Each structure stands twice: as structure tokens, then as C-alpha cells.
Amino acid sequence: MQPSPEQSPQHAYPDHWEADVVLRDGGTARIRPITTDDAERLVSFYEQVSDESKYYRFFAPYPRLSDRDVYRFTHHDYVDRVGLAVTVGGEFIATVRYDRIDGRGRPASAPADEAEVAFLVQDAHQGRGVASALLEHIAAVARERGIRRFAAEVLPANNKMIKVFRDAGYTQQRSFEDGSVHLTLDLEPTAESLAVQRGREQRAEARSVQRLLAPGSVAVIGVGRTPGGVGRAVLRNLLGAGFTGRTYAVNRAFPADQGTIDGVPAHRSVGEIDEPVDLAVVAVPADRVPEAVADCGEQGVQGLVVLSAGYAEWGAEGRERQRELVRQARSYGMRIIGPNAFGVINNAEAVRLNASLAPEPPAPGRIGLFTQSGAIGIALLSGLYRRGAGLSTFISAGNRADISGNDFLQYWYEDPDTDVALLYLESIGNPRKFTRLARRTAAVKPVVVVKGARHSGSTPPGHAVPVSRIPDATVSALMRQAGVIRVDTVTEMVDAGLLLADQPLPAGPRVAILGNSESLGLLTYDACLAEGLRPRPPRDLTTAATPQDFRDALTEALADEGCDSVVVTAIPWVGEDGEAESGDGEVLATALHAAAAAGPAKPVAVVHVEIGGLAEALAAATSTVALPRPSVRPVAAPSSTHAGTIASAQATATGPGPGPAPAPAASGSEPGSTSPVRPAAPRSAVNGADGVDGEDSPGSGPRNGRIPAYPAAERAVRALAEAVRYAQWRRQAAVPGKVPEFLDDTIDEPGAADLIHALLGSDPDPRGRPLAPDEARELLGRYGITVRPTLPAPDPESAVAAAARLGYPVALKTTAPHLRHRADLGGVRLDLANENALRRAYGELTDLLGKPAELQPVVQAMAPRGVDTVVRAAIDPAAGAVLSFGLAGAPSELLGDTAHRLVPATDRDAAELIRSIRAAPVLFGWRGAAPVDTAVLEELLLRVSRLVDDHPEVVSIALEPVVVATQGLTVLGASVRLSPPPARTDLGPRRLPNY
Numbered sequence: 001m002q003p004s005p006e007q008s009p010q011h012a013y014p015d016h017w018e019a020d021v022v023l024r025d026g027g028t029a030r031i032r033p034i035t036t037d038d039a040e041r042l043v044s045f046y047e048q049v050s051d052e053s054k055y056y057r058f059f060a061p062y063p064r065l066s067d068r069d070v071y072r073f074t075h076h077d078y079v080d081r082v083g084l085a086v087t088v089g090g091e092f093i094a095t096v097r098y099d100r101i102d103g104r105g106r107p108a109s110a111p112a113d114e115a116e117v118a119f120l121v122q123d124a125h126q127g128r129g130v131a132s133a134l135l136e137h138i139a140a141v142a143r144e145r146g147i148r149r150f151a152a153e154v155l156p157a158n159n160k161m162i163k164v165f166r167d168a169g170y171t172q173q174r175s176f177e178d179g180s181v182h183l184t185l186d187l188e189p190t191a192e193s194l195a196v197q198r199g200r201e202q203r204a205e206a207r208s209v210q211r212l213l214a215p216g217s218v219a220v221i222g223v224g225r226t227p228g229g230v231g232r233a234v235l236r237n238l239l240g241a242g243f244t245g246r247t248y249a250v251n252r253a254f255p256a257d258q259g260t261i262d263g264v265p266a267h268r269s270v271g272e273i274d275e276p277v278d279l280a281v282v283a284v285p286a287d288r289v290p291e292a293v294a295d296c297g298e299q300g301v302q303g304l305v306v307l308s309a310g311y312a313e314w315g316a317e318g319r320e321r322q323r324e325l326v327r328q329a330r331s332y333g334m335r336i337i338g339p340n341a342f343g344v345i346n347n348a349e350a351v352r353l354n355a356s357l358a359p360e361p362p363a364p365g366r367i368g369l370f371t372q373s374g375a376i377g378i379a380l381l382s383g384l385y386r387r388g389a390g391l392s393t394f395i396s397a398g399n400r401a402d403i404s405g406n407d408f409l410q411y412w413y414e415d416p417d418t419d420v421a422l423l424y425l426e427s428i429g430n431p432r433k434f435t436r437l438a439r440r441t442a443a444v445k446p447v448v449v450v451k452g453a454r455h456s457g458s459t460p461p462g463h464a465v466p467v468s469r470i471p472d473a474t475v476s477a478l479m480r481q482a483g484v485i486r487v488d489t490v491t492e493m494v495d496a497g498l499l500l501a502d503q504p505l506p507a508g509p510r511v512a513i514l515g516n517s518e519s520l521g522l523l524t525y526d527a528c529l530a531e532g533l534r535p536r537p538p539r540d541l542t543t544a545a546t547p548q549d550f551r552d553a554l555t556e557a558l559a560d561e562g563c564d565s566v567v568v569t570a571i572p573w574v575g576e577d578g579e580a581e582s583g584d585g586e587v588l589a590t591a592l593h594a595a596a597a598a599g600p601a602k603p604v605a606v607v608h609v610e611i612g613g614l615a616e617a618l619a620a621a622t623s624t625v626a627l628p629r630p631s632v633r634p635v636a637a638p639s640s641t642h643a644g645t646i647a648s649a650q651a652t653a654t655g656p657g658p659g660p661a662p663a664p665a666a667s668g669s670e671p672g673s674t675s676p677v678r679p680a681a682p683r684s685a686v687n688g689a690d691g692v693d694g695e696d697s698p699g700s701g702p703r704n705g706r707i708p709a710y711p712a713a714e715r716a717v718r719a720l721a722e723a724v725r726y727a728q729w730r731r732q733a734a735v736p737g738k739v740p741e742f743l744d745d746t747i748d749e750p751g752a753a754d755l756i757h758a759l760l761g762s763d764p765d766p767r768g769r770p771l772a773p774d775e776a777r778e779l780l781g782r783y784g785i786t787v788r789p790t791l792p793a794p795d796p797e798s799a800v801a802a803a804a805r806l807g808y809p810v811a812l813k814t815t816a817p818h819l820r821h822r823a824d825l826g827g828v829r830l831d832l833a834n835e836n837a838l839r840r841a842y843g844e845l846t847d848l849l850g851k852p853a854e855l856q857p858v859v860q861a862m863a864p865r866g867v868d869t870v871v872r873a874a875i876d877p878a879a880g881a882v883l884s885f886g887l888a889g890a891p892s893e894l895l896g897d898t899a900h901r902l903v904p905a906t907d908r909d910a911a912e913l914i915r916s917i918r919a920a921p922v923l924f925g926w927r928g929a930a931p932v933d934t935a936v937l938e939e940l941l942l943r944v945s946r947l948v949d950d951h952p953e954v955v956s957i958a959l960e961p962v963v964v965a966t967q968g969l970t971v972l973g974a975s976v977r978l979s980p981p982p983a984r985t986d987l988g989p990r991r992l993p994n995y
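Going by this note's numbering, the sequence shown opens with residue 1, and the numbers climb by one from there.
These aren't lab readings, by the way, just hints derived from the structure by calculation. As the structure is a computational prediction, the values presented were derived from the model and not from experiment.
Here are the computed lysine to any residue pairs in the SDA-like style, where the Cα-Cα straight-line distance is at most 20 Å:
1) K160 to S175
2) K54 to V181
3) K163 to T190
4) K160 to A118
5) K738 to D949
Pairwise CB distance ranges, derived in the manner of DEER restraints:
6) E153 to D745: 40 to 46 Å
7) D67 to G242: 55 to 61 Å
8) E153 to V735: 44 to 50 Å
Glycine residues also receive a C-beta, built at the ideal position from the N, C-alpha and C atoms.
Could you put together the complete structure from these sequences and hints?
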């Protein structure tokens, strides 16, 4: 939308105010400024508004707009007079306007900071959250233009509008004057207004996904007239899954007299379908997609799954085609999965939707799966199918030009059918929002992520997203801070997902190991140690162990208060004739399930291995003990070699059998166990690949009666370790950290803001500017961060004078960029106690490294001895503000031993930050050294965090070195960079991204 020539040139059309939004019912609309070209749209809109709504707007009967009204409502200067419209299909459905006023309510200009605001929403669209979305956007516009308060006059009977203002979360005042309610809203965002905004965002975006996953009717556009092809495959899969809604086949090439195809109604266009269509699956060439989208939009289709390729993955031309596809769909209020998508699956019994190309749909289950890659999606579905795992929902979003993983996190957050969310991501369009949503979702259910394209340095084809400058290790650390379980491969993702979906969360890291193979038990023990768990000595049941022995041992292990989880290892039983008898696994599965169902709620995992040539190797060995052949053939491992799931089996009615074997003496109870985090409500197990049908037994066993099985100890233990770390995060997240109040007394936020404004100037360079040492020292001082001063020493005499001023002992340091913070290159001389030592050191530096003009030497008073550390904060364009900590020196930098947390950091974040680096023991008294003052170091981290959080103009801070002594610390060097603040898409009004 371009401005009219009549509009004032000094106030150009503000295109950055344009935004696509998701409304309460899940549909989309566009918000944009009103221009002089909108006169006819405004008149048409007003004619469709009821007389009652007009009365509420103008406080009197107002059947039509006069020419003067139309002119006034379409001519704005975008500063003192602003109007926004909400459009669907290019037509207005709502408007809002503000006019700046002075203290007496008369039209005014800046510096007046109050405006009168008024809304009008078409009756057909009331109740969709239109006015609430408009209020967010007009408030943001007003703040941008220097307006701090809105005033509104509302008739007492206009309860809907009063509720919009009341529920917005802004600080407000209300009075009754001259028969109307007078409302004043302070537009400064509050914690409540932000919470309201994000709550509405979650409900709207979740609803938009639900409309795609639970449609009442589906039209497949592009169904071929002959068998084969993408459209025909989707139609076949829809019918094969037993979709509970109505299904239609659409192809403009169908003969006019063709009534059905594959048993469903056939039509040449969506417009020919007499009944409403909720979802359209588009499987036509890219050049025909716009026609199909228009056809769907005109008929009120709610959403699209676009399987067609030929978009951003094909280069610049395809990327523009993709953007136009999104613009076209959103203009009709539709959302898109795709393009280049593989499809969607919803296994809910009331829906049974398989609108995908998946040849083997997964069974119903409790796992939600999102993938950006069709190929990875196929592999994951196949792997889950083989392992007998079930899914609640599956989405392969392709280029995810519109709906992304963020939207599905919004949906899964409240989805009662999903216990675990698995995501394969190749790019993250809005990392700040992803982190926020992941943290909230992870507080109620696990979120497991595999990030592809980690080291390519470029965006995957088809994805147009901000490129992050931070390394992948930092991304991983920030995900873990948000409670995300970050794994490296899709195999690890499935392994972790199966355990998290099937088992309760562990109460701690203590692991009991039992099985019929001593070697496999030792491998499991070693794997536990490598993952940071605390394994008990393995219990060897010997190769003669029967399923009853396994049951008894598992029962005993689960009852032991000294263990938090159990790993069962099993190999095939070998008979006296030397032949392995692996059996079908059902008897062992029954025994393990019976023990797990009857015992306390602790996670159980099974490691099963079949070793080729085992029978021959054992046949050559001499038996030293004659073991009786068990009456029931023991089955220690399923016969298949892939990792499977031991399905639930009904426990037999037999008695407990012989008593359990005694536990090893070393496996005593250990302190520190806490109650496990309780899982969601259990559901009956589905068929497992290696088990049998059954029902959940009463008690506190696995959440759905299934025990995950793995073909290698390392895989089982890695999945268990992720569950342990996640459970620990859940317990900590239940009591969130906070920023200590004592910081407020020593922080001068207004003074820092004034200083930053003065340093940047009225016309700041968009590239920013580094601060001089004195400027950086002054700014940091406003936040209680003291930097030890340095004095320049361009010659020996200046160095001596500086030392006399500072007092001996002193340090002599070079500040040349190539030598800064490189003590290993000889650019630092410490503990210079007198003038002679200083002159000698000055001569050595210049003789060794170069002339003083090149070295830029400085003199600084010595700090107390301690551990040299580095504190940094930086603004990443994609991830936001990141706080970092590590030890100073080349080894830490070379090994990447740096910890990271998102800003704002809490007291818990600061404590974890200094303890999460590998070299952390140096801070806590390594090899007999005295521990340093970590409390004051944590406080410094919180001060830096507050500074960059309060002032987004501070785009980077580096404090190096920070010498932490046994009491107190000293900041010896500091560099700060300022820049005009980058846009914060996560704090503004709700809007959909435009990639």
C-alpha cells in the first residue's frame, strides 16, 4: 500500500506498521495504516456495521459517513493523527484511530503525550479478538510517536469495548462523566500486559494449528485422473486412515460429468463444492498454485497444506514466489503448511487424518513430531513404525514459509494427547520466541530438538531467516537453559523420545543395572559414568537367569530407595548344547512389565544384544558349574536386531516365585533421592514391534505400560541421562530464579540512559561506535562496575610518572590490538615494585615487541592475586542478548570452554554460568588452592546482564581480565560498543513473521 501524493512528504507511509496477525479463532488478518486510497473501502465497511455498533461509536444515530467524515478518516499525518485498518480479502473488517490531544482535550501536536482513541469492528467479526489485536498495534504506534496515554469515552452499555480496555493489562483509570465511561490507559508495557499479550498469542496460534490438524472436511487439489501421482497418493492415504470428516477430490481437468473418484466426490474447483471446506491439500505445479489458493480463499477454506515444490529452494525467483504465496493466503485469512511439505498426520480417534505422503502411518501414541525435512520425516516415521512407537501428530513443514515449529509448540503446550514434542529443525526463524515458547512448554512436557545445518554457515535452501553469528555450542547452551533436550542425531531424538513418552521422569542420577551378561552390565556401567550418572555396581543374574529371575531382580531394584532408575541388560540364553535360544521375547516382556507395573514409578530401559557366533564361542568353553535347564525357556532378548519396545503384557496369575537374589554388598542406599516428577495421565499401550498386546496394570508403573528397548548400552544410557538432566531442570524451573533487589540501590538506570544518549548523539551511526576507555569506565560505573584505571605510557618518563600517581607495585601492559590480553606473547609485566624495575621492563618490552607507538603501553596498579576470568555480553541479531563467562587465557579460548545464558539472567543463571565450564574447579579450590569469591563474581554477571537488558543500545561488553580473588574481584580491562537499538520482535505487538 503506497501513500497518495496528497499526503505530506515529511510523514511518509510507515510500511513497518503493516502486520499479519492471528486472531482468536485461528484465522489471519492484516493490519495496516489507512490511506487516502481507502475511501471506498471505508464506506463499504461502514455500510456493513449495525446501527447499534454505529451508535456505540458516535454516541448517536449515525447511519452513514459524510464526505467530510470520509476525508477525515482517510487523511492522516501518521504522527498526530493515525488510523489503522484490519483487512481480510482486501476489505476492511475493523478500524481504529487516535488523535493527539492536549490537557483540555483539544487537537494538539508534540510534546503533548495523550491521544483520544476509538474503535469500530464489523458485527460479523466481533468476538474474534480483532479489537484486542488492534489495541496492541495502535498502542505500539502511539509509543513510537511519543504518546504515553490513551483516553477513551465509552457508553456504559458497550460492555465489549470496556472489556477490551480492562483486559489489556495496561495501568488504567476509570471514571463516569456525562453519561459515559472515561478511560485513561498508560501505554507503558507492564508485566501484566505482556502476559496478556502472550497468552492471547498462544491461544490464537494454537487454534490456527488445530484448524489444520482437526478439519471437518478436506479437499485434495490435484488428484490425478489415473492412479499414481502426489494428489492421488494423499487421497489414498486419507481414505486408508479412516478420516472421520468429508473428503473431496479436485482437478480442473476432471470431465464435467465425473461424479466420483476412488469413491469420493470429484469436482473441478473448490468453488463447485456445496459444503464448507476446512482444509485444502494442494498438489499442483507451482505455477498453478495461485489459482488454487484464490479458489480456496473465495470459498472460505481455513488452511492449506502445500505439497508443491518450486519455491525458495529454487533460488531468488522461487523465494519471491514463496513470499507471494504467503501474502495471498494470509489475505484470505488462511495459514499454510509448506510449501514443499510432506504433509500432516493427526491420529486422534475423532479425526484420523493422514494428509501426507507417508506410506506407513504411525500408530496412535503420545509423541508429537515436527520436521522441516521431508526426507528426515520419512526416516523418522519409518524408524518409529519399526520400533512400535506411536504418534499423536506429525508435521513435515518443508520450507515452513508460514507455520513453523513455534506454532506447534504453542499447540502442543496444551494438547492433552501429546506428552513429548520432537522437533527436527534446520533453521529457527525467531530464536527469541522459540526459546520463550520452548521454556514454557518444557515446564510441562519434554521438548527434544535436533538442529540440522549446524556448521554450514548458511541458511538451508528454502529457508529465509535471520542468520545467527553465535556458534552452535552457544545455541546448544541456550536451548538447555530453556529446558530443551538438545541431541545430535535423529536416532538419539527417537531414543530419548521413546523413554520420555513411555516412562516416568527419574528422581535423580542413581542407576541400578541388572542382567544376564556381566560384560554388557559393565558396558552399561561405563556408559553411565561417561554421561555423568551414578551407577550402582551391575548385578549379574548369570546366563541361567529365567524371566522370573529378571522379574524378581527388577522388583527389588525398583523398591530400593537408593536407585532412581533401572537399566536391564539381556542377551539370548544359551542351552547346554551350545545353541542360542532367543525366543520371541514375550515371556521376558511379561515378566519385566509385571515388575515395573507393581513397583514404584521409576524409569526402566532394556538393553538387548544378539552377538553373532556366541553359540560357537561358548560351545568351545568348559563349563565349571552344571546349571539346571530352566523349565520355562528364558528369553533374554528379542529376536530382532533393531531397537524395539517391549510392549505391555498382562501379568500372569502365578505367585511371586522364589525370592530375589541378594544384591551386591556395595549397592547400598544413597542419600539425595527425591520424588519423581509425575507424568501426564497414562494411556493404554499400543502394539510394540517386539511385544504383545496388553493393558496397564494398576499402580505407579510406566505411564503407558511400555518399556523402551535399545540395541546398545550407550544409546539407552544416553537417553536416560537426558531424562535425568531434564527432570533436574524441571525441578529447578518450578522455583524460578530472580534478580536480587540489592542491585537496584547501586544502579543508576536513568543516568546510564542519559549518558548513552549523549554518547550516541542525535544522529547515531547505524554501525555503532566503540567507547573510549574513560567513556566505558563511566558507563559501567553507573551499574556499580568499577574498572581499575590505566594511564598511558608513551615513553619511560610517562610510565614512571603514571606509576608514581597510581602507587607501586604496578603492571606494564601493551594495548595494541594484536597483543591485547595475550600475556603468553610477553606483552605484560607484573609486580613492578619500583622505578628501576619499571624502566627495565619498559626497555624489555620495546626491545622485544616494537616501538612504543606500536605497542601503546599503559601502566596500571596491581590487583590482588586470583583467577583471571572473562565476562562478556553481546547482542546476536537472531538469538538476542547473550551473557558469557569463561577463564581468561588461550587454553580456554582454544578449547571453547565458555558458558552462555540468555539475558536477563537470574541469580540461578549466574550461579550455573560459573559452574558449567569445564575449568570450574579452578574457582573452587582445585588442588589445594583457596576458593575464590564466587558470590561477588555472580553479582558482577548480574550487573552486566542488567546493563544490556535495560539498555539495548549496549550491543557488546567485554570485561577482560576480571581477577577474582579469595575476597572480592578486580576488573582490569573493559570494552563497550554502542549502537542504535536493534528491533525487538519479541516485545512488540503480535505479528506473524515475513520470511
